[in-house]
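Asker: Each chain, written out:
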Amino acid sequence: MSTDALRARASNRRDRPGGGRPKQNREAIFLFLPALLPVLLLSVYPLLRGIALGFTDARAGLNVDTNFIWFGNFGKLLHNDLFWDSFRIGLIWTLSVTILQFVAALGLALLLNTNLKFRGVARTLALIPWAMPPVVVAIMWRLLLHPTNGPVNEILQNLHLTDHPINFLGDFSTALPAVIVVGIWVGMPMTTVTLLAGLQGIDRSLYEAAAVDGASAWHQFWSITLPQLRTVIVAITSLDMIWNFNSFGLVYVLTAGGPGGKTMLPMLFAYNEAFRYGNFGMAAAMGDVMVVIIIVFLGFYLRNRLRSEA
Amino acid sequence: MRTRPATRVAQYVAVCCYLVFLAFPLFWLISSSLKSPQEFASVTPSILPKHPDLSNFTDALEEQGLVRSMLNSLQISVATTVLVLIVSLPVAYALARFRSRLRPITNGWILVSQVFPVILIVIPLFMILRPLHLTNTIPGVVIVYMVWSMPFALWMLQGYVSAVPRELEEAASVDGASRVRTIVLIVMPLLRPGLIATAMFTFISAWNEFFFALVLLQDPDLKTLPLVLARFVGAEGQVQFGPLAAASVLATVPSLVFFAFLQRRLTSGLLSGAVKG
Chain A
1 MSTDALRARA
11 SNRRDRPGGG
21 RPKQNREAIF
31 LFLPALLPVL
41 LLSVYPLLRG
51 IALGFTDARA
61 GLNVDTNFIW
71 FGNFGKLLHN
81 DLFWDSFRIG
91 LIWTLSVTIL
101 QFVAALGLAL
111 LLNTNLKFRG
121 VARTLALIPW
131 AMPPVVVAIM
141 WRLLLHPTNG
151 PVNEILQNLH
161 LTDHPINFLG
171 DFSTALPAVI
181 VVGIWVGMPM
191 TTVTLLAGLQ
201 GIDRSLYEAA
211 AVDGASAWHQ
221 FWSITLPQLR
231 TVIVAITSLD
241 MIWNFNSFGL
251 VYVLTAGGPG
261 GKTMLPMLFA
271 YNEAFRYGNF
281 GMAAAMGDVM
291 VVIIIVFLGF
301 YLRNRLRSEA
Chain B
1001 MRTRPATRVA
1011 QYVAVCCYLV
1021 FLAFPLFWLI
1031 SSSLKSPQEF
1041 ASVTPSILPK
1051 HPDLSNFTDA
1061 LEEQGLVRSM
1071 LNSLQISVAT
1081 TVLVLIVSLP
1091 VAYALARFRS
1101 RLRPITNGWI
1111 LVSQVFPVIL
1121 IVIPLFMILR
1131 PLHLTNTIPG
1141 VVIVYMVWSM
1151 PFALWMLQGY
1161 VSAVPRELEE
1171 AASVDGASRV
1181 RTIVLIVMPL
1191 LRPGLIATAM
1201 FTFISAWNEF
1211 FFALVLLQDP
1221 DLKTLPLVLA
1231 RFVGAEGQVQ
1241 FGPLAAASVL
1251 ATVPSLVFFA
1261 FLQRRLTSGL
1271 LSGAVKG
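Keeping their order, the protein sequence lines are chains A and B. Quick note on numbering: the first sequence equals residues 1 to 310 in our numbering. Quick note on numbering: the second sequence equals residues 1001 to 1277 in our numbering.
Derived from the structure by calculation, the hints contain no laboratory data. All residues carry an ideal CB built from backbone N, CA and C; glycine is no exception. Don't take every hint at face value.
Said to hold, decoys possible - Among chain A residues calculated to face chain B with C-beta under 7 Å, some are:
(1) A28
(2) L125
(3) G249
(4) Y277
(5) G278
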């Protein structure tokens, strides 16, 4: 779309300040109506109730008294070492997966943006992980990483990189890195597709001008590609961060948090607290802490990004 | 732009490495699903099955729970998709066309629903659905999926609606067509590709969903496909790799078919949502 059209649209918007004309508001409400009740009942209300639940001692069971205990749960969490461990693991997982996924996806997106042959095929193949159910992904990687039947161990042994089979998902030192690799595998397509779309939106003439000025490919990447992609990068890495921090199914089936809690992501920890031990209030308090961490993290990240843009 | 031959070669090598990393796992899964138990017992796994046959698939399908869970998943995914489209389309239309006060509120809700960890939501959901006798039922899961698929569906549909030129509708209303008529006769046909993409995406996310189903469905007869597959794995030790791989392949087929269809469309839909939102 041309900038003129955009500008026209922006000024159009300015003509109708403060939430639009009353007639439009009425019509809009009518269109919202069918969605409103289910969303209020099953999304907005549970969200608020969930936050509030963190301040109570709610437990599973039909006839259990629930009391409001202010910050009681949070006080207990403060002294719960397992909980802190789980958060540390959650942060390592989130940051490594998000960063490595981004680097790998950017590389692939740049490659797919050149005029290689078979680009279409490559693009479709690159989407495979996205299409698969997380549970199947977990099962598949358990087959791949299996100590006796898995091809990964077979290849490593044939290359003489190891002389004994490694139990990737069962060993204390390899479990978290192995799970991170699977996380990267799952998230790469989405990130690649988004970055590729961003790359295709960059004006070719910028590169032509730079080439005339004799800028190297490397220089063009730093001074044109990255700055032009900034908004897309910020958007997709923020989303990746949130999704990774909140992820559950994949690791639940891969390791169930084991061995010895080495891959116990915060979501798994909270899930066990709620549905294994029945401590609803405590689990909700953990959820509250997770929300606060996500918001603080994103706040910092987005503020820094936006500031460097200014 | 001209590229040196050496760079070209390096690019192809790099693409190949990526594709091996991304595609080999699925290839291995399919190959495993065609192997005999004897081959799994051998110490050196081969890349291709020596005597490929479909016995793992028939074995997997003979497991009562598996077929049943596929039907459950199918039922839930279809119902969710239909409901999401019916409910989201008017909202997406309003979001794209009217500058109403509800717009920022809805977009805020879409964002918030992405940020919140599901653990916070699932406990109250459980508490709301229980007195309504909807826990442990398929309708209960369907309405939960419907509400939680909506943010993404709205995000996509909003972009598609904005892409329909407003002038077309204005022309129709000048000709005296009512708003509803305009939507049905002018907007809907143009939206069809977008609706199909959104429907497929909703179907897949319901088909793949694990967490809500894990919490809300306890009855073995109602369990969805991901739950049953996850339980197969849980019984480590006596787990039968062949049928497990076969069942996993079956669970992936719908997703692969759909994504092959819509991969191009999805990209543009996401992007237009992002730009216009």
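Asker: Evaluate each hint against the coordinates.
Answerer: Right, here's what the structure says about each hint:
Interface hint at A28 (chain A): satisfied, since its Cβ lies 4 Å from the closest Cβ of chain B, which is below the 7 Å cut-off. Because the closest C-beta pair between L125 (chain A) and chain B is about 5 Å apart, less than 7 Å, the hint holds. Satisfaction of the interface hint for G249 (chain A) is found here, the shortest Cβ-Cβ separation to chain B being roughly 4 Å, below the 7 Å cut-off. A distance limit of 7 Å between C-beta atoms decides the matter here; for Y277 (chain A) the minimum to chain B is near 13 Å, and the interface restraint is violated.
Because the beta carbon of G278 (chain A) sits about 11 Å from the nearest beta carbon in chain B, more than 7 Å, this interface hint is broken.
The structure fails hints 4, 5 (numbered hints given earlier, in ascending order).
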